[in-house]
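Trainee: Could you build the full structure based on these sequences and the hints that come with them?
Number of protein chains: 2
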Amino acid sequence: MTYCVGLLLNQGMVLLSDTRTNAGLDNIATYRKTFLFEEPGERVIAILTAGSLSVTQTTIARLRDKIDDPEHGDEAPSIMTAPTMLAVAEVVGNTLASVRQDVDAKMSAAKVSTSASMIVAGQRKGGGPRMFLIYPEGNFIEATEDTPFLQIGEHKYGKPILDRVVTTETPLLDAQKAVLLSMDSTLRSNLSVGMPLDLTVIERDALKVTMQRRIEAGDEQFREMSEAWSQALRDGFSRISI
Amino acid sequence: MTYCVGLLLNQGMVLLSDTRTNAGLDNIATYRKTFLFEEPGERVIAILTAGSLSVTQTTIARLRDKIDDPEHGDEAPSIMTAPTMLAVAEVVGNTLASVRQDVDAKMSAAKVSTSASMIVAGQRKGGGPRMFLIYPEGNFIEATEDTPFLQIGEHKYGKPILDRVVTTETPLLDAQKAVLLSMDSTLRSNLSVGMPLDLTVIERDALKVTMQRRIEAGDEQFREMSEAWSQALRDGFSRISI
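If you read the sequences in order, they're chains A and B.
Last residue of the first sequence? That's 247 in my numbering, and every number before it is there in order.
Last residue of the second sequence? That's 247 in my numbering, and every number before it is there in order.
Be a bit skeptical, because a hint or two may be false.
Claimed, not checked - Calculated cross-link-like contacts (lysine-lysine; reagent style DSSO-like; alpha-carbon spacing at most 30 Å):
1) A/K116 - B/K111
2) B/K116 - A/K116
3) A/K111 - B/K116
4) A/K130 - A/K213
5) B/K130 - B/K213
Stated by the list, open to error - Stretches of chain A that chain B covers, calculated by requiring three or more beta carbons in the stretch to come under 8 Å of a beta carbon on chain B:
6) 157-165
7) 185-193
8) 238-247
As the list claims (entries may be wrong) - Sample of chain A residues lacking proximity to chain B, with all beta carbon distances greater than 12 Å (derived):
9) Y36
10) T63
11) A66
12) S83
13) D107
14) V108
15) V117
16) S118
17) S120
18) K182
19) M200
20) Q217
21) G223
22) F227
23) M230
24) A233
These are calculated hints, taken from the structure and not from any lab test.
Cβ atoms here follow ideal geometry from the backbone N, Cα and C, with glycine treated the same way.
Mentor: Structure below.
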């Protein structure tokens, strides 16, 4: 399992992913699930992935191949040459759907189906920051002012905190706190979501990755924040009268 | 969907269920999902249900028929005559599994499968309070000191708060607060879980229902608690430094 979350705010975008993958409970590994593409001053794109590793890895590999060799394969642009972020989402969606078909064809004998979903966030020069959730079939939805966050993977445990504290007005620092606490609730409840974490911040109009940080399992700051949050919950709980 | 939760504590048991049922999004109704059986001084049993309404209603009806007419049907005891709480869980599990088979046989033409799960909590004279989660197949697990709560239905949104504040030492009043806040998080996130709520408290060794309360949609006390909790979360959130 996986948990990835992205916030689309007035000040920019904040993204967080875990790194745990598992094929059964006894085959656990660490894989990066945040992929960054940038041409500073021109465009910046972050892709977060959840689901079958064979599908997500191949999708990212094909997107990279197309960037390196735009003439290769079909007529479609690469994500670095697509004219708009909407077109970027379409390229990712089509690539994901096509990879999934290929993998499913191989798996059909075993009657197993593969699935993967992605968050695509970014900004190109001349456009605003946009964020999309790409479904396994390749179609997608976009984050809006009403729903300024998107989640993929094990999303339920970490949703209540986001529902309560995140609006488009949330400053970027608070937004980092919100996604980390949302991840913290998920880590506690689902073993198949695991450290380390990849945190990414893309400021509005920066057209580059503003901050990228890997938070390792023993990270002191994350541990302190997690404990302070538990304490705050317990204090708040004990103050409420019934 | 449904959310039911039961806590097994040193001081007794606290149970909460919602009442919303739906067959599609446009066919929503209110049905009680908490069923109480008591013979004061002898035994008290609470059954909370989740899943297909046709399965849970028939299961409860058969359990009631057996109580009214113990000679009817097979040799198995009724839940009011079964010698232990473990035997009660077995009776409920077997009845649930058998109803499910009957209903599935009717549904097989439509290739639809029905499913339901239950929380069975109670105490008989001479035994301690015990609480079981009955799976759709009729097998079950029991709440223990390590895991003093059981949930059925839409359980994920409301789990983080329970993980953080509930231990077997939790007093009954705090426990009521915990299940109500756990429900509050679920109500906010899943439309198919809805008010009113049924709250039940069974004190240890009371051998009767200590408290039973229906919390209606406009309940002022519940609304105040929900708002105080949101405020406490936001305050706690803003005090944490990153």
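Trainee: Evaluate each hint against the coordinates.
Mentor: Hints versus structure:
This hinted pair checks out: A/K116 and B/K111 have alpha carbons roughly 27 Å apart, not beyond 30 Å. With a C-alpha separation of about 18 Å, the suggested pairing of B/K116 with A/K116 holds against the 30 Å cut-off. A distance of roughly 27 Å separates the Cα atoms of A/K111 and B/K116; the hinted pair therefore holds under the 30 Å criterion. For the proposed pair A/K130 and A/K213, the alpha carbon gap of about 10 Å is at most 30 Å, so the pair holds.
This hinted pair checks out: B/K130 and B/K213 have alpha carbons roughly 10 Å apart, not beyond 30 Å. Counting residues of the segment 157-165 of chain A whose CB lies closer than 8 Å to any CB of chain B gives 4, so the stated coverage by that chain holds, three being the minimum. Counting residues of the segment 185-193 of chain A whose CB lies closer than 8 Å to any CB of chain B gives 4, which reaches the minimum of 3, so the coverage claim holds. For the segment 238-247 of chain A, the stated coverage by chain B holds: 10 residues have a C-beta nearer than 8 Å to a C-beta of that chain, and at least 3 were required.
At roughly 24 Å, the least C-beta separation between A/Y36 and chain B is larger than 12 Å, which holds for a residue marked as non-interface. Every C-beta of chain B lies more than 12 Å from that of A/T63, the closest at about 30 Å, which supports listing it as non-interface. Separation of A/A66 from chain B is adequate, the least Cβ-Cβ distance of about 33 Å exceeding the 12 Å criterion. Once the 12 Å rule is applied to beta carbons, A/S83 is consistent with being away from chain B; the minimum gap is 35 Å.
At roughly 29 Å from the closest C-beta of chain B, the C-beta of A/D107 stays outside 12 Å, upholding its exclusion from the interface. Here A/V108 stays apart from chain B, with its beta-carbon at least about 26 Å from theirs, past the 12 Å limit. With a minimum CB-CB distance of about 20 Å to chain B, A/V117 clears the 12 Å threshold, and the non-interface call stands. The Cβ of A/S118 lies farther than 12 Å from every Cβ of chain B, with a closest approach of about 18 Å, so its non-interface assignment holds.
At the 12 Å boundary, the C-beta of A/S120 stays outside the reach of chain B, the nearest C-beta of that chain being 19 Å off. In this structure A/K182 is not separated from chain B by more than 12 Å, as the shortest Cβ-Cβ distance comes to only about 5 Å. The beta carbon of A/M200 is kept farther than 12 Å from every beta carbon of chain B, the shortest such distance being approximately 17 Å. Every CB of chain B is more than 12 Å from the CB of A/Q217 (nearest about 16 Å), matching its label as outside the interface.
Its beta-carbon lying about 18 Å from the closest one in chain B, A/G223 satisfies the requirement of being farther than 12 Å from that chain. The Cβ of A/F227 does not lie farther than 12 Å from every Cβ of chain B; its closest approach is about 9 Å, which violates its non-interface assignment. At roughly 6 Å from the closest C-beta of chain B, the C-beta of A/M230 falls inside 12 Å, breaking its exclusion from the interface. Not every beta carbon of chain B lies more than 12 Å from that of A/A233, the smallest distance being close to 5 Å; the non-interface claim is violated.
Violated hints for the displayed structure, listed by number in ascending order: 18, 22, 23, 24.
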